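Residue numbers (this note's numbering), protein chains in the order written: chain A, 1 to 325; chain B, 1001 to 1312; chain C, 2001 to 2364; chain D, 3001 to 3320; chain E, 4001 to 4536.
It is worth saying that the hints were derived from the structure and are not from the lab. Note that the coordinates shown come from a computational prediction; the quantities given were computed from them, not determined experimentally. Positions of the beta carbon are idealized from the N, C-alpha and C atoms, including for glycine. A few of these clues could be false.
Claimed, not checked - Take a look, some chain E residues computed to stay more than 10 Å from chain B by CB distance:
hint, residue
1, T4046
2, P4238
3, T4243
4, V4277
5, D4397
Unchecked claim - Chain A stretches covered by chain E per the calculated footprint, using a threshold of three residues with CB under 8 Å from any CB of chain E:
hint, segment
6, 82 to 93
7, 258 to 269
8, 282 to 292
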Amino acid sequence: MRFILRRLGFYLIAFWASITLNFLLPRFMPGDPVSRMFARSQDRMQPEQIEALRKLLGVDDRPIWEQYIDYMHNVFTGQMGVSISRFPTPVTEVISSQIGWTLLLGGTALVVAAVVGNLLGILAAWRRGGAIDSALPPVLVFIGSFPYFWLAMGALYLFGVVLGWFPIRHAFTDGLEPAFTWEFIGDVGAHLVLPALTIVLVSIGGWMLGMRNTMIATNSEDYITMAEAKGLRPGRIMLRYAARNAMLPSVTSFGMGLGFVVGGALLTEVVFAYPGVGYQLLNAVQGLDYPLMQGLFLTITAAVLLANFLVDILYVRLDPRVRSN
Amino acid sequence: MTTALLKQPTQPTAVRKPNRSFIHGLISNKKALTGMAVMIIFIALALLAPLLFPGDPSRITAMASLEPSAEHWLGTTAKGQDVLALTVHGSRSSLFVGLSVGIASTFIGILVGLASAYFGKFIDEALSLVTNVFLLLPGLPLLVILAAFLPPGLGTVILVLVVTGWAGSARVLRSQALSIRSKDFVAAAVVSGERAGRIMFREILPNMASIVMGTLLACVIYGIGAQAGLEFLGLGDVSTVSWGNNLFWAGNEGALLTGSWWVFVPSGLCIALVAFALALINYAVDEVTNPRLRKIKTPKTTPTKAETSAAK
Amino acid sequence: MSHSLITPSAVSHTGTPALEIRGLGKTFPLGGLFSRDSVRALHGIDLTIGKGEIVALVGESGSGKSTLARCVARLEKPSSGEILIDGVDVLKRDRFQASRAFRSQLQMVFQDPFGSLNPAHRMDHFLRRSLAIHGKSGRSERETQSRLEELMTTVGLQADMLNSYPHELSGGQRQRVAIARALAVEPQVILADEPTSMLDVSVRIGVLNLMRKLRDEQGISMLYITHDLASARYLADRTAVMFAGELVEEGESLDLLANPAHPYAQLLVSAVPDPARAGSYDPVRRAELRKAVMASQHCAFHGDPNQVCSSEKPVRHQVGDPDNHHWVRCHLYRPWAAAGGHALASEPLPPSHPASNAQEEASA
Amino acid sequence: MTISQVSFGSHEPVLDIKNLTVKYIGDTRSTTAVDRVSFSIGTGEVFGLAGESGCGKSTIANSIMRLLKDPAKIAGGSISFGGKDVLAMSPEELRRFRWQDVAMVFQSAMNSLNPVLTIGEQIVDIFTTHAGYSRKESMRRAGDLLELVRIDAARLKSYPHQLSGGMRQRAVIAMAVALKPSLLILDEPTTALDVVVQQEIMAQIKELQRELGFSVLFITHDMSLMVELSHRMAVMYGGRIVETAKAQDVYATPRHPYTQALMGAFPPLTGPRLPLTGLPDGVKFRNIPDLTEAAPGHFVAPFGADAPVTESANLEGAAR
Amino acid sequence: MLLTGCTANVSKTNASDAGANASAFLTIPREDMGTFVQNFNPFAPTVNPMVQQSIYESLLIFNPAKGDTVPWLATEWKAAEDGKSVTFTLRDGVKWSDGQPLVAEDVAYTFELQKKIKGGFEYLDTVTAEGNNVTFNFNKPWSPALYDIGQLIILPKHIWAALPDPEKDANANPVGTGPYTEVDTFQAQSFVLKKNPNYWQPEKQKIAGIKMLAFAGNDGANLAAANGDVDWAPQYIPNIEKTFVSKDKEHRQYWFPPTGAMINWQLNTTKAPFNDVDVRKALSMAVDRDQVTKIGMSGYAKPADCTGLSGNYETWKNANVKDNCTWTNHDVQKANELLDKAGYPKGADGKRTLKDGTPFEFKISVGATSSDWLSVANVISQNLAEVGVTAKVESPDWAAVVAGYETGDFDSGIVWSANDPSPYKYFNTTMGTSTVKPVGTKTFDNYHRFGDAKADALLADFAAEGDESKQKDLANKLQEEYNDAAPVVPLFSGPEWGAFNDTRFTGWPTAENPYATLSVRSPTTVLVLTTLEPRA
Ligand SMILES: Nc1ncnc2c1ncn2[C@@H]1O[C@H](COP(=O)(O)OP(=O)(O)OP(=O)(O)O)[C@@H](O)[C@H]1O
Ligand SMILES: Nc1ncnc2c1ncn2[C@@H]1O[C@H](COP(=O)(O)OP(=O)(O)OP(=O)(O)O)[C@@H](O)[C@H]1O
Ligand SMILES: [Mg+2]
Ligand SMILES: [Mg+2]
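Next comes chain A alone, as it looks inside the complex:
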């Protein structure tokens, strides 16, 4: 319990640090959202209109610390303001309509990559020098060396356009009403395959090799030899003794991995026109849409921190040693 509390304290500090960073960064950016919008709106506005717009959007001229206090207050009361680029939609609404897709994409990719990668790693380490061990790692590392977006574009054109095996855009067929029907879920699944696959392909090699290496290290632990000496069945030794211990570092990486996957998903979303927050963030940044940007960053960070916290709790469940600590 102490461990959990300690971690919780850490996450709170991390959260505070990131929201502060998030507050400060955009305020040091040159220009303001209105002139930025103006730059892109083909010179149609009059100076007075711009002033009016400034007022309308509430571009803040108060001292920074006042804004900061306000901001902190808002963050903890869940008020993230109104998006500037999507004015007058509240930031929460913009995010809530999209974050789900990002989480679905990122989460699916992460889980699949971690599970499959770890399984492959376990098998590779268990059968040292076998087919999986010698053939897969170089291939996966090579694929993993490609940038996310490159692989995504390649896959999109090859499997989506040329071969036509998979849908090439969006999270589900346009016009379908989201519902908990098999049809809809299947449709979402079909749309998820390619984007998730590209993320999985890029990240799976790391999982596999990481697991393989820890597993090899674990295999030479005394308790594995002991398990062998006990005459246990090989499958049991592999899973209950070796893999069970070797997966502990993977569990930690899993939490960390989420942050990276959100990043990878961001690029992938742009390529597949996946309606997640990735492109929205880019847009918000380019439009200097502070509230949205802050809201997104906050949400992503909170999601990552929360996930890490959950992973920590899981870790405590998996590793009895930290429990009593």
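Position chains B, C, D and E with the ligands relative to chain A; hints supplied.
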């Protein structure tokens, strides 16, 4: 037969510095060799680019969207630039950014890691907190925000990548430094009266050579990949020629849509090759320092199968 | 070496001791920054080492022997107490960090010769640095070199080993280099924390003999930490027994091992394997001793007019001949075993257990 | 050559090792860790194997259970257990052989428990795999086993880190005797422990051995302990056996210089302080010949400073 | 694979399947919105697609492709003699989609609201509604007002007046007069607008509805277009012949009328040497506009001439000026001569120096996200090298670029220009002194800070002149002045991208039938929406 009772000075069997055997191990490792060969080719290309393709590589020199031919080995872009020239010149910025990011992040990582591990207590708590916070912040979103906030240019890209990339290396290096810190030879150095700086850099650091190298390589890979990602999103310095920018332009010009794969493939492949080569070296470093990871020769089928080892 | 009896050096108990520890305590905080839990690893240690004296510190694993050495070597900051070298309280003198002057007076030899020599450097480096840091290197390179060679010979190594790396030497050789490194600064006191426990059995005695030689020839005082009572008896003039962070008994080595007074010391002595008294293990006696250690009901020295027995305040009773400087802590007083305590605490008391019954069930 | 066995227990050897040679195949050079070692252990006998670190003791122990991992290779010799050729067993046979016939307490028994499984689960594993008991039944037996080594059965639910070193060691010993094997290998079972605990554990093993009647292969480098415990012992050096005899004989009259050095490393607890000498640094024995019988039942490898030094033959042997 | 069905179900249906076409939605991609939010507020800075095209309508529609004006919610309008007012007569029988009739108060209220929320219309004094007529009174004679007012979309007063904060309302279910107003199946990635049940010309609602798809960039939208998943492709498509048309020559067409705004290369005329008209002209001559449009704009744009007017103003152009252009034609030799003469000599290294001896070097600033203009700037930079001038392309973020423009802290840059039905604003913002602000003070339209007294007089007359033929005379004179002063370097007319796929719907505007442009964001879009019909 009799036993020889010998009194002799121990004749060291291998009079080799441990570091030298590490390098030797690398040189005799196939993965490392392949990786290094690829890297050398790329570095040579980067250095020779101005000689091979003099002048501005983004100059418009030919008809647009030419397929690869004898004249333009990799064809031309939709603007009529020579793809090969762009690719070769692109290696300069990409490798430069990768190396700078790698070296800078590793350097910060070393400082933070060593200071954390050596001084411990409050300094360690504070530094690891900062490290962990940076580690948890979602990298790319932060990159995107940072990149938009600073004026464009390679310097910015490097700075941004270092800001988001140092934490990973610091964490790895800290844990390694911590384990070395707890070794008796550090305590022995303290007892013999060495000062903190000397202990950190002369006693602890030399024992981290392989992990420093591994971290460096990983950071370089990160740098190259993240630069490409940023530039692809148009957040890099669009006016430089680099692999990421080449891909950005390829995307802009609809290279894939028009079927101009030759514009799209080379830069991506180069990124992958460099990253792959570095990853190979990295795995080789792992293998050399941790012999258990080495590829094992599949045991020959000897008649007494029982002899080999414990059956699994 | 002659096959004569080894006699302990004539230690004068009068002059200023080389090292004096007074009321030393150490608590380790547990948990993070915000936690107030702690382990008391050391408590009220008083120990004196005279000039040219070897004192052995024995005790169970985790009793705080290493912690004591590390506190005295100022690798850890003691929580309380004083450390006097040559009568000067060094904790007061250099408050925040050990000074080089202190380092040149006190040196330490570590348990693990594989870990205490940096694998990245040659032997030459270790000795040279020790000389250089404390201004002991010669005016010329020649002089330094000859100084190095002399050191090597002192610890019984060939000078040409200066050029080798640690991994090229055997454990015993390494430990000798570690000793040479300590010697290089010409210290007054050497703390040796289990210097032989990681060595191959066959070379252990050689290192012990070397330590004795140094004491005899150079008059260096030593604190010899070990859990091997036999070697303590072999090497040390006096032996101190540590239990759960406190000293419970101290005295002239032969005397103490022959007549241990404290139940814990008795337990310790009885546990040492010795073919000469094979079959000495007596579970009943053992159970009694354990019980006495964990919860003594009476003290053997009850009635000592000078030191009235008390379970609260540790008092020392003198044992036997005053010349042996043998004292024991009142049995009623039990150290405060914190945070998991000591190994004894967690072992069940062996009952007169009908082991056969259980076995029959198991095999049924 | 074979050594006529002087067994303590029955004359029927449980384990018979002949000319066992084990090599570690390295990238550049190979080490012979065990070199033509022969010995046998009779029923109910406690056989001690002493020697410095790295002389091949654990390698022999692991060979008996065929636990050697990859670079190790049994290059020659035979191991027969109760008449069965251990080296020829099929994987399935081997699996059954392990723990049912021979059990082992590892050198680092503290680390030989799976840190993420409870003690109970690890014991239950043995019963369910080998005896086919139900989980419940296995758990009950596991509790009995723990009580056998004087650990409260409630501790079945504990994880290894929640037990002290001594308790872990006991738990491992309990596991080792779970299936009543005919041979128990103890590979330095107490090195990491406190003397007090060590003695109690050794006493406990002795008691169990008396009750259950298994044979013991006891490995240590602590001569005092070994002499106290074993009936017969062998001293190893550099992969070879240099002396083997009844334990008391070795204690009373060590013949090989190395054995003498070993005995000298443990000063006595009683009597006057006599100066002892260990083996000087850097002294190495090479080309250790086969044993000859120096006294009845006391075999020693011949040695002598006058003999010519032949460097070639076994240079690689046991070089460390 | 079974999954194929999901990809492009509706749009790939057989062309002969008339029934399917009749019920199909007109599918249009939106390339710069990765996702939609249900916000149909027309005051939003980034308005959802189709809000101003199919939901709300304006009084009149100016069609730049043909240069004519189509009466829409107003059937006729009349400017007062003194040019100080204009009166619109509303169409009878127009109803809001909720069934309420459109009344003159709606128009008056719209302008009130517009002024309150967004400002502008500073010339507008009062708006009076009288029966069917709405009269706009100005505080000065102001001829450009007609289109300014006429093209503003009209909102229903009965809805908007009831809102406490109209500008902050998401207007999730808009009520408008347009042909397709009913929001349906709204998703972040797509939404559908269905028929307005009360449309005033129901016979023109021949398609079942409009479906908008969100894309995070051109790539995805282009892919959809190439794949035949959308009917209308208004975004930039690279190499359109190959990537789009060639896939189905029979049904796919594109038409890029040069009716967009003029894209100018603006030089900061407060700085030497750009204060020298010869330099501006010489630099302009050094630019190879064919190459610029070919490489930068994929050949889709039309090079500018020295009137500075884009294709939008074809009818306004002064033929005399247009036919005798000098400084907008690529002529390296003349450019060199002009620079030599003006006193910017070429050094031995072929590089020119300024009058103070420093190198002739400057920066071209373009926002990093405008990749097409970046290419343009790169081409210009290459062109200038041939006359010994060094131009460095700088591409920070747009905000930084614009910040520099606004305060006058820049060398040169590429910018949009005003694009109204009348050229008044264009000339006013390129040459009008009233728009010039000193360096350091922010300006929002005359970034290059050029003012010309002669032009000022002409502009004043123009604004006061209600008669179009007289306006044309003034415009001719303005063009002459422009030709002389070269206030900016016009590069090319911004094209109105537009391509379509008539597999399912027919009746698209083309060069032969330019009843509208193919833009989906211009006022003419509604003309297309009311013309298209499902392929039978
Ligand atoms: N850094 C530390 N933090 C917390 N507790 C510590 C620390 N170092 C030592 N301890 C605790 O202090 C006590 C004494 O440990 P110490 O290492 O001094 O024992 P020792 O007598 O040297 O044992 P051994 O014979 O095993 O070397 C132990 O209970 C240990 O858990
Ligand atoms: N995995 C391995 N690879 C190569 N050599 C090995 C390996 N394991 C052991 N050896 C070598 O085999 C020899 C015998 O090792 P072994 O572990 O049997 O010694 P030991 O007598 O048990 O030593 P200790 O008393 O330290 O346990 C040693 O010289 C060692 O260097
Ligand atoms: Mg210790
Ligand atoms: Mg061993």
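Hint check results:
1. Annotated as non-interface, E:T4046 keeps its C-beta farther than 10 Å from every C-beta of chain B; the closest such distance is 18 Å.
2. Listed as a non-interface residue, E:P4238 fails to keep its Cβ farther than 10 Å from every Cβ of chain B; the least gap is roughly 4 Å.
3. Distance check for E:T4243 against chain B: the nearest CB is about 5 Å away, which does not clear 10 Å, and the non-interface claim fails.
4. At roughly 29 Å from the closest C-beta of chain B, the C-beta of E:V4277 stays outside 10 Å, upholding its exclusion from the interface.
5. Listed as outside the interface, E:D4397 is inconsistent with that label: its C-beta sits roughly 6 Å from the nearest C-beta of chain B, within the 10 Å cut-off.
6. Residue count for the segment 82 to 93 of chain A with a Cβ under 8 Å from a Cβ of chain E: 9. That meets the three needed, and the coverage hint holds.
7. Look at the segment 258 to 269 of chain A against chain E: 1 of its residues bring a Cβ nearer than 8 Å to a Cβ of that chain, fewer than three, so the hint is violated.
8. Under a criterion of three residues with beta carbons nearer than 8 Å to beta carbons of chain E, the stated coverage of the segment 282 to 292 of chain A is upheld, 5 such residues being counted.
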